[in-house]
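J.: So the chains spell out like this:
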Amino acid sequence: MAALWKGRRRWKTNNYFKVLARSLTGKYEYDYDLVVIGGGSGGLACSKEAAQLGQKVAVLDYVEPSAKGTKWGLGGTCVNVGCIPKKLMHQAALLGTAVKDAKKYGWQIPETLSHDWGTMAGAVQNYVKSLNWGHRVQLNDKKVKYLNMKGSLVDENTVKAFTKAGKETTLTAKNIVIATGGRPKCPTNIPGVEHGITSDDVFWLKNSPGKTLVVGASYVGLECAGFLTGIGLDATIMVRSVALRGFDQQMSGLVTDYMEAYGTKFAWKCVPRRIDKLPSGALQVTWTDTQTDSQHQDTYDTVLWAVGRAPETKALGLDKLGVQLNKETGKIIVGADESTSVPNIYAFGDIGEGRPELTPTAIKAGRLLARRLAGQSTQLMNYDNVPTTVFTPLEYACVGLSEEEAERRHGKDGIEVYHAFYKPLEFTVAERDASQCYLKVVCESSGNQKIVGLHFTGPNAGEVTQGFALGFQCGATYSDLLNTVGIHPTCAEEMTKVHITKRSGLDPTVTGC
Amino acid sequence: MALLMQLTHTHASRCGLRLKLFPHIRRTLIRRRSMAEDITRLDFLVIGGGSGGLAGARRAAELGAVTAVVECHKLGGTCVSKPLPHINLGSYFVHCPTAPPGHFIVSLCFINATLKAKRDAYVSNLNRIYRNNLDKSKIQTIQGDAKFTNNPEPTVEVNGKKYTAPHILIATGGRPSALSEEEVPGASLGITSDGFFELESLPKRSVVVGAGYIAVEMAGILSTLGSKTSLLIRQSGVLRNFDSYISTNCTKELQNSGIDLWKNSEVKSVKKTDSGLELAIATKDLEKKNDEEKISTIGQVDCLLWAIGRQPNTSGLNIGGIGLETDERGHIVVDEFQNTSRPGIYAVGDVCGKALLTPVAIAAGRKLAHRLFEGKKDSKLDYSCIPTVVFSHPPIGTVGLTEEEAIQTRGKENVKIYKTSFTPMYHAITSRKSQCIMKLVCVGKEEKVIGLHMQGLGCDEMLQGFAVAIKMGATKSDFDRTVAIHPTSSEEFVTMR
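If you read the protein sequences in the order shown, they are chains H and R. Counting along the first sequence from 1, when you hit position 481 you're at 909 in the working numbering, and nothing is skipped either side. Counting along the second sequence from 1, when you hit position 233 you're at 613 in the working numbering, and nothing is skipped either side.
Quick caveat, the hints were computed from the structure, so don't treat them as lab data. Computed from a predicted structure; not experimentally measured. By construction, the Cβ of each residue, glycine as well, lies at the ideal position given by its N, Cα and C atoms. Please note that the accuracy of each hint is not assured.
What the hints assert, rightly or not - Calculated cross-link-like contacts (lysine-lysine; reagent style BS3-like; alpha-carbon spacing at most 27 Å):
{"#": "1", "chain 1": "R", "residue 1": "Lys516", "chain 2": "H", "residue 2": "Lys930"}
{"#": "2", "chain 1": "H", "residue 1": "Lys925", "chain 2": "R", "residue 2": "Lys608"}
{"#": "3", "chain 1": "H", "residue 1": "Lys851", "chain 2": "R", "residue 2": "Lys496"}
{"#": "4", "chain 1": "R", "residue 1": "Lys498", "chain 2": "H", "residue 2": "Lys531"}
{"#": "5", "chain 1": "H", "residue 1": "Lys878", "chain 2": "R", "residue 2": "Lys757"}
{"#": "6", "chain 1": "R", "residue 1": "Lys856", "chain 2": "H", "residue 2": "Lys878"}
{"#": "7", "chain 1": "R", "residue 1": "Lys652", "chain 2": "H", "residue 2": "Lys851"}
{"#": "8", "chain 1": "H", "residue 1": "Lys531", "chain 2": "R", "residue 2": "Lys757"}
{"#": "9", "chain 1": "R", "residue 1": "Lys813", "chain 2": "H", "residue 2": "Lys925"}
{"#": "10", "chain 1": "R", "residue 1": "Lys454", "chain 2": "H", "residue 2": "Lys532"}
{"#": "11", "chain 1": "H", "residue 1": "Lys925", "chain 2": "R", "residue 2": "Lys760"}
{"#": "12", "chain 1": "H", "residue 1": "Lys532", "chain 2": "R", "residue 2": "Lys608"}
{"#": "13", "chain 1": "R", "residue 1": "Lys498", "chain 2": "H", "residue 2": "Lys851"}
{"#": "14", "chain 1": "R", "residue 1": "Lys651", "chain 2": "H", "residue 2": "Lys528"}
Unchecked claim - Chain H stretches covered by chain R per the calculated footprint, using a threshold of three residues with CB under 8 Å from any CB of chain R:
{"#": "15", "segment": "499-513"}
{"#": "16", "segment": "579-585"}
{"#": "17", "segment": "603-614"}
{"#": "18", "segment": "799-805"}
{"#": "19", "segment": "808-814"}
{"#": "20", "segment": "915-921"}
{"#": "21", "segment": "927-935"}
Generate the whole structure from the sequences, applying the supplied hints.
T.: Structure follows, in structure tokens:
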């Protein structure tokens with residue numbers, strides 16, 4: 429007790445002298461040039477870049493376990509409970525389809541194919557753990573101080589950090605960056621909500637989730653239901669209103685049509701009312717079909733909430749400092765340079781209001797911020813023209829505006845939409861239905877027909893679209909596409925051959941060269 | 381009444397009227413008139429119903445030209461009937477079943493007959509689609525071998541009938557080269573890529589000879605489908621005309637995949653025995669300064685596949701008789717507008733020997749049609765920055781100049797290279813691994829990207845978009861300004877340091 433008290437007094441004395449020194453000399457002596465709170469995609473990129481530029485950097489990363497008790501290591505959402513495990517499980521599902529297709533290609537495959545969750549999950553989890561380790565090694569190599577502690581702001585230059593056991597440390601820094609990201613939300617008004625899991629849990633399950641109800645049709649919900657169906661599980665998606673809100677709705681329809689044909693069940697315009705845990709351990713879900721106002725019930729092994737994400741700001745103490753938050757979303761209001769309403773405090777990544785919730789934008793913004801803070805650059809992050817891919821069973825990639833948004837901005841006559849239904853060559857021998865393999869290029873109708881939006885559904889959509897996103901960034905026009913020789917035979921070449929407009933009303937199905 | 385009017389007009393004004401009066405009547409009339417002289421006169425005569433020929437013919441017909449296509453085999457040409465669709469179909473699935481995540485209880489055994497039947501059905505369907513397209517466009521198809529006659533005007537004879545047109549396009553493509561019995565005794569015991577697709581069953585033991593993309597693709601397919609495969613190359617690496625980064629990596633990947641690679645080797649003779657073919661192979665030992673060769677044999681070979689190059693299909697055409705200039709390998713020499721050395725005669729596609737690719741032939745054929753029949757005097761194909769993919773395992777994508785070409789043409793001090801290599805996430809939990817390598821060749825202060833080369837999973841679908849941007853003149857900083865799509869392999873291109 430005495431020791432504690434002495435320690436406290438010592439800290440207070442030290443701090444007093446530091447503050448005195450600051451005010452007397454005008455020179456600030458901080459522990460660090462930069463303290464980053466949050467060791468995810470953005471936080472790690474920012475801290476490593478800053479260290480490389482000669483700054484003294486510390487990064488705090490702490491994972492509050494999920495309601496079900498799931499926790500993970502360094503790397504943030506992307507590495508542990510997002511992009512990486514998602515893509516690997518999506519890959520597992522695709523391989524299942526590929527093996528079935530292989531029969532048509534002459535491979536002798538047994539009639540029934542089974543999937544073992546434990547093998548897949550174990551392998552994915554081991555890979556993620558290797559990434560956690562890799563990140564720790566990288567931080568060490570780049571001389572970034574890593575603290576597995578929960579950070580909270582004391583003032584604009586001071587962060588208090590706690591370990592799980594409650595041990596406290598204080599760090600002072602010239603600049604503080606908040607990159608704490610977000611966590612899945614759960615509904616607040618549904619009895620039995622605690623019986624459900626979220627995306628924080630699904631990738632870390634030791635046993636198969638079995639028959640699953642995914643509530644929510646955001647990309648998270650669709651991707652999860654997609655790979656669960658692909659590995660042979662009974663999966664249903666419950667959609668309150670529309671799927672992939674914010675995305676082009678025609679493309680969203682193609683994605684969900686494919687998923688329905690693929691075996692995922694959809695409960696459109698339905699909302700869950702309650703979840704009861706049965707003695708067997710199964711979950712009985714009661715829901716309302718809002719179209720008919722009727723009540724329904726079914727039993728599931730797992731309920732997965734995918735109803736949105738909320739910013740991780742609780743423990744930060746932002747209100748104390750007056751860091752302005754958006755009242756509706758709870759995210760931190762940021763300027764074009766990632767600054768907050770408090771000088772020396774910056775925020776970026778998923779936590780920033782109006783920012784895309786994507787790893788690559790967080791990484792890029794983090795690096796640029798580090799360069800600016802080190803005085804090495806004035807370049808701001810460009811959040812326009814951000815491409816993205818939804819890794820549903822039929823992948824969907826896009827860059828630029830949705831057709832609806834383009835129409836809103838330019839008027840129906842102000843845009844020309846070129847489109848095509850194509851069939852991947854690989855689907856032919858496999859006798860697979862390609863009805864939803866589609867692409868459209870939304871252009872300005874006047875002038876040189878600059879492309880304002882590009883959308884593609886098909887295999888390898890992400891790989892197809894990256895290069896087109898570069899072209900988009902360079903201001904590509906419709907004729908730039910047509911003037912590029914196609915690569916044959918690929919799916920991507922269809923983008924350089926597209927010539928039927930929506931306006932013409934002609935059949936956009938591709939038939940041979 | 382209209383008929384009478386037509387008959388009284390001269391030929392010249394008839395040409396003008398042609399575009400206005402009933403097309404079917406005018407076509408019949410013109411043919412009837414020509415039959416009196418025994419030569420059918422058309423606006424556009426295309427020799428060769430492959431990718432280039434059909435594209436040119438259809439576009440010309442759309443623009444109002446009376447067109448006919450001469451084809452001696454099936455419509456669609458090499459692309460449709462032979463290698464391209466099949467290579468992709470065969471190779472696409474071969475790397476899926478190896479050590480995937482999850483537990484697959486499969487015993488893998490490949491039966492070629494199933495694949496061949498489905499592939500043949502698909503190709504026949506394409507042949508039919510092409511025929512329908514031609515019929516719909518009112519293009520006459522003339523089945524048979526074409527030969528230029530000695531008539532003063534360029535005239536082509538097919539099955540005893542003569543045809544002429546002010547514009548004649550040669551798009552006869554190419555065929556696999558073969559060695560003569562004098563060069564290699566027993567050479568004819570081997571097949572070429574044409575014969576490969578007729579195979580009903582998978583050969584147990586295969587030997588592929590050649591170092592070009594066809595050899596690489598064939599060897600990859602055979603090996604991964606379960607045939608014990610050897611690849612014989614005359615020098616030390618495959619794809620020697622590609623960027624050296626690709627050439628070296630591809631050679632390594634071939635060996636890693638289990639293909640038995642014989643460098644600095646040539647087949648000396650081929651013998652037929654009871655247990656299959658026996659090949660005598662001479663291998664140069666480069667350590668020894670002399671030309672000493674070690675002779676080895678590979679026996680019990682079920683399939684010897686020659687993939688030693690392709691040659692233009694011009695024999696029988698009598699192009700020498702009409703004075704067309706050809707290069708030392710027999711390709712028809714053309715200028716940037718596809719004009720041959722004889723006015724009124726043009727050539728596109730593989731027969732010209734430049735950029736032997738379907739989309740190139742199609743694009744060149746169409747550009748020519750616009751120039752000849754729409755008055756677009758400057759219409760021509762830009763042959764720079766043509767992207768191409770090799771369906772090796774994993775696939776290769778390339779566009780623009782190699783590093784070596786860039787240094788040669790721009791000087792080493794003006795060239796900056798960005799390179800990366802990594803293991804794609806697909807292999808995160810497979811025991812089999814393949815690498816992904818990427819290279820950007822940049823030139824000048826602004827670091828304009830003039831070459832992009834890669835090999836890795838997904839590179840076949842990745843390249844197209846980058847080709848658009850590179851043709852637009854993208855620089856390294858354009859690449860850097862583009863946000864990545866995560867998680868993909870392609871994102872590595874926009875995050876290269």
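J.: So, for every hint listed, does it hold in this structure?
T.: Each hint tested on the structure:
1. R:Lys516 - H:Lys930: Measuring from Cα to Cα gives roughly 23 Å; hence the hint holds.
2. H:Lys925 - R:Lys608: violated, 40 Å
3. H:Lys851 - R:Lys496: Distance ~20 Å between lysine 851 of chain H and lysine 496 of chain R Cα, so the pair holds.
4. R:Lys498 - H:Lys531: holds, 12 Å
5. H:Lys878 - R:Lys757: Holds. Lysine 878 of chain H to lysine 757 of chain R sits at ~26 Å (cutoff 27 Å).
6. R:Lys856 - H:Lys878: The hint holds at about 22 Å.
7. R:Lys652 - H:Lys851: Violated: lysine 652 of chain R and lysine 851 of chain H sit about 44 Å apart, past 27 Å.
8. H:Lys531 - R:Lys757: violated, 52 Å
9. R:Lys813 - H:Lys925: violated, 35 Å
10. R:Lys454 - H:Lys532: holds, 26 Å
11. H:Lys925 - R:Lys760: OK: lysine 925 of chain H and lysine 760 of chain R at ~17 Å, within 27 Å.
12. H:Lys532 - R:Lys608: Holds, because 23 Å separates the two Cα atoms, which is no more than 27 Å.
13. R:Lys498 - H:Lys851: holds, 16 Å
14. R:Lys651 - H:Lys528: This hinted pair is violated, its Cα atoms lying about 41 Å apart.
15. 499-513: Since 3 is at least three, the answer is holds.
16. 579-585: With 0 residues close enough to chain R, the hint is violated.
17. 603-614: Violated: only 0 residues of the segment 603-614 of chain H have a Cβ under 8 Å from chain R.
18. 799-805: Coverage by chain R is violated here, the residue count being 0 at a Cβ distance below 8 Å.
19. 808-814: Per the Cβ count (3), the hint holds.
20. 915-921: holds (count 7)
21. 927-935: The restraint on the segment 927-935 of chain H is violated, since only 0 of its residues have a Cβ under 8 Å from chain R and three are required.
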